[in-house]
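Got chain E sorted already, so can you dock chain H onto it with the hints?
Number of protein chains: 2
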Amino acid sequence: MISPNIVAVIGASEGLDKFGGRIVHYLKKHGFPGKILPINSKATELQGLPCYPSIKDVGCIPDVVVIVVPAKAMLEQIELCASVGIKSAVLITGMLDEVDAGGDSLQNKVVRTAAAAGMRLLGPNCLGIVNAIDNVALTSSLAMEVPTLRPGGVGIVSQSGALMGTMMARCSDYGVGFSRCISVGNQADLELCDFFEYLIADEKTQAICLYIEGIKDRGRFFELARRAFAAGKPVLAVKAGRSVAGAAIGQSHTGSLAGSYDAFEAYCAANGVVVAQDPYVMILAADMLVRLPNAAGKPAGIAAIGSSGGSTANFADQLVGRSLRLPNVSDVTKQKLEEWMPAEDAHIPVDTGAFRGGTSRQGIISVLETMLDDDDVSSVVYAMTTSPRMTDYAAIVPEISRRTKKPILFTLLAGSMAQPVRKVLHEANYPFVDNLADAFTILELLHEVGNQKLEGLRALTTRPPGVSALPDPRSGQLTESEAKALVAAYGISTAGEVRIANEAGLSGLKQLALPAVVKGVSRNILHKSEANIVRVGLESESEVRSACEDVFRILRDKDPEGAEGVTIQEMVIGEAELFMGARFDPEYGPLVTVGFGGIFVEILRDVAIAAAPIDTATAKKMIMSLKLWPLLNGARGRNVADADSAAQAVSRLSWLAADMGSKLIEIDVNPLIVKKQGEGAVAVDAAAVIA
Amino acid sequence: MISPNIVAVIGASEGLDKFGGRIVHYLKKHGFPGKILPINSKATELQGLPCYPSIKDVGCIPDVVVIVVPAKAMLEQIELCASVGIKSAVLITGMLDEVDAGGDSLQNKVVRTAAAAGMRLLGPNCLGIVNAIDNVALTSSLAMEVPTLRPGGVGIVSQSGALMGTMMARCSDYGVGFSRCISVGNQADLELCDFFEYLIADEKTQAICLYIEGIKDRGRFFELARRAFAAGKPVLAVKAGRSVAGAAIGQSHTGSLAGSYDAFEAYCAANGVVVAQDPYVMILAADMLVRLPNAAGKPAGIAAIGSSGGSTANFADQLVGRSLRLPNVSDVTKQKLEEWMPAEDAHIPVDTGAFRGGTSRQGIISVLETMLDDDDVSSVVYAMTTSPRMTDYAAIVPEISRRTKKPILFTLLAGSMAQPVRKVLHEANYPFVDNLADAFTILELLHEVGNQKLEGLRALTTRPPGVSALPDPRSGQLTESEAKALVAAYGISTAGEVRIANEAGLSGLKQLALPAVVKGVSRNILHKSEANIVRVGLESESEVRSACEDVFRILRDKDPEGAEGVTIQEMVIGEAELFMGARFDPEYGPLVTVGFGGIFVEILRDVAIAAAPIDTATAKKMIMSLKLWPLLNGARGRNVADADSAAQAVSRLSWLAADMGSKLIEIDVNPLIVKKQGEGAVAVDAAAVIA
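Read top to bottom, the protein sequences are chains E and H.
Letter 42 of the first sequence, counting from 1, is numbered 42 in this note's numbering, and no numbers are missing.
Letter 169 of the second sequence, counting from 1, is numbered 169 in this note's numbering, and no numbers are missing.
In case anyone wonders, no lab produced these hints; they're calculated from the structure.
There could be a bad hint or two in this list.
Repeated chains share a single entry, so a pair holds when one copy, or any two copies, can fit it.
With a straight-line Cα cutoff of 27 Å, these simulated DSSO-like cross-link-like pairs (lysine-lysine) come out [claimed, not checked]:
no., residue 1, residue 2
1, K29, K423
2, K109, K56
3, K423, K18
Bound conformation, chain E alone (with noise of 0.2 Å):
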């Protein structure tokens, strides 16, 4: 399908206004070397071709089929087809999946029949096939109107043709190249993740783009991405939903907190995807990935150089915010520079308006190549304004960039005025960028994919120390006691508590940990606090009973059926109060949230989520990632709080998740009270859901 000798065009027209006409134009214009064979009942010759009036007359197999005959005649050719034994056809044509009164559809009676006879389908409703290499344009995208298919490194599947016509169009104008471009439209037969692992081993693609609305089998999806990842080629993604996401946000527990374009996300850090939010700026980074030395290297400061004070400055001030840094550049960077220019301009961004005798080109050279070897500098940005020279300039890019072995991202601010730069670059297959948001995002997508290739793939094999028997918890909603016995089982610290049953418990009361905490029991009060049933800091064994007496007497008034009781626990005191959560995603699996408790997690959203199991690296990375995160780490005088306690109890919280994957619906430990460095961290209280 992807590579074919013999493509015929069912619905084929000498028209270019009409999808048939554009298909055998565009594989005539980009040089398909193999035999076109357009079919037409109506016509014994289309756009210089021999014409046939149906697929049985062509005298041949053709390696694929593309069809863009109305819908109500697609079932009919399908049979055609299957009838002379073709095993591979993409259809174009849309408006198939109407279901009818018996629930079936067109589109699939089409695929029963395809299947029945071995055919392989791609569409229907898709925009077809572009292989660059090969010269096949099998599609009716305006995209094919480019000059030519310059070949390439970057590969797509895209559940949207539109989007990837117009991506492939713009970004031809950077002069990216592309491998096999495939958009799969309603993906009936064949879906996006049979041509995720075409490319994956597919020689000629170098790093692959995604564009995803929904994934059908989401363990495929993440087994090919960490094959992918094993294979050395980078993985973007840009999956649509992000917006509806944000719908998920103030749900009653923590652990809902993550919603499903979170857990995407969450499962695309642990298997190695980097998600983009534009895919125009995706397919750059992809072909940044290709043509820049290096581009996924390690990780550090960013320097540039301009041409003018005006872009330097103003190159410092729109770095604000971003997750990239300026380089702390040597003291030998620092006096190499400043044979170029004055001591007082010697830092960067560099200025080369700043050199001594004015801009040159071996300057230029000079402090290019002094800034890529300093070691603090993973990547140079150099922003172009209009210079009398800026052609000259551009054209010594490349081949530093490829000699020093770093990425120079080569930023062209003056529009189609720079057009013979372009050219200069185009021509050198360097790639650049117009403005500096996008070099600074494509500059974020790059250190994501460089951390990732650091750290590897989490590959999490053995539980932690201690974890005997996966529990079997009774399902519904757990008591506190029950939840917090379920994580205890996994290792963590819980607050100890004695539970009484009655008021005739009272009297065996001794040698309570004080100051001490009561709380009601029943299954059917959630919220304690709502319920007036929890009593804090209670000093003494006298102030434990009056308060135990309260709480069975409001219990006996709200809910006499369910109360089970009271717990004592001991107060415990710490320096911060975290939450974690856990939940069975039903499109992902298990995830693993983190975040400062109380109030802050609904007002700031300061929650950390991750693909459960993750180890207490991870963990830690998690709660370090925290805006709040200072509060642990002795802000303002506090005393440092015990991170790597609470980080191991969210690991083991993690494993938990992993372990019971969807019986365990969701769970909650709020607050987990993280104490002095060295004292650990407890779960004080806990709620959980079993399926």
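Then chain H, alone, in the frame of chain E:
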């Protein structure tokens, strides 16, 4: 200088690789209708024009001379110009500002010589003037390589010539028309404000863009800004230095949280200037204000239409995290949309591919009109992918936008392939952008302009009631009591306190409000908690007595000289702790800040900053803009706090700052305890430094 009839070019040359060659060439190329007089002692003809050996030989007095001779020849040329009575010169040459042993510079000498002759100077070290209204390209900037200068309503004053040229070149790709664009260089004589003032008065200029490195006379600058606002001319500015401002974080006092860039932003907000980050986006936004109908109308929801499901989904996803929102359209709008597409697709963003029977011109017209007619839609983004009829569809946009009097931001996603679409839009004099990120950033800027128009500029002239004479505190560091007396003089509630000079005073204590707080008083101890001279939560008179004795002992030990006794205060309990501060910024003037107290200031930098004074309504908006605002507003079952009283306190503090001016170096009220709604806000601790 800006609209000359006769221009002399001193240092003119034949070659376009020279500044003096390009200036003559660009004047001719862009159809300068007046007389061009090249001056070069080595030629009699240049670029087909008669050339003169000296300015003395031209036989007339040019309206302006442009001088591009080497620095060492500059003074002589200025003297010559002065001698023949020239009143206006543009100095392109740089490197005049090196200071000699006597503390003087060539630049100073040039300025003195010109001033003595009544000659005004632009530059030196500038790129000159482009007056597109009158075809005066008085510049050596490569930006003049554009085929034609498009006259229009956008005026620019820039302290970076290279950025100005680059942005003019780039923005001409988008059909932006310019009025007068001035590169001010070193501002040795005429400066940014002179040309800012010119553009405000200039009837051809409808929107003003400023690229600022530093402001010479801030009073004049903001007075001009208010004049521009009153004249209905939006002013947008990019200012260098945002990245440097970040370094100010981490000061010991909260008043210092407002750095110099923050002060610039605060004063811009108060005086009708909208601050942008990217110069190119600033100019596109200014152009939209000129060319799009009602682009500065009342901000509401952003509707969108796209030519594919992929592009509309991506539109909604990329909107996340912006200060923009989708509209809540009326039922009438929904019904009208359903005429064109199935009910399940009749939502915003609209996918024209979902139209019954496919995308149609009539459908697009109707849907655009329907959306623009909705009261909650202030603008529409049209995201255009590659599509066979994209040029036809684009052609309908200008007319609909003008008819409905609302802006449609046309976003062309397809790159150079969409060149025919650009041509149609150029011919219709209608703007467009190339990607969603730019469309969104521009809309955010337009909304700021719209909001400023709606609300008008603050013009506060009356102090809040209850403020008597201007306070006149002692200079230096104030004690807590002195600082609280200062804010109390402006009607801000402070915690009541009893002051005791020494142990002897303890005997007279009675009827204390409990629980109480005891604090030691010393001018030398700034951080009381760290000095261990604060005792809180004292529940009885005896606890208060022993706390006082304790603090007296520590004070005697730590600061025998400066100790001034202890204060006993009622411990104020409230719903939340804010801090508020004010400082006099030596560059911009008085500033007031408010934020949530304690550790959150430092970690979250959750601070709002305004130019003082402000009224209570503005102060309330500042408080509501804080991330943690829900803490005051009843989040998670909390009591609603008295935000109105807090706002009143902030406004009164801002009046204190405004009245005291540069005498108030800084003042901090931390915490300001905000009680339950209706119960007020109380300043519990304060510190101040007076000049």
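Do the hints match the structure? See the list:
1. K29 x K423: Both ways: K29 and K423 sit 23 Å apart in one copy and 25 Å across, limit 27 Å.
2. K109 x K56: within (21 Å within a copy, 92 Å between copies)
3. K423 x K18: This pair counts as between: shortest inter-copy Cα distance 24 Å, intra-copy 33 Å.
The structure agrees with every numbered hint stated previously.
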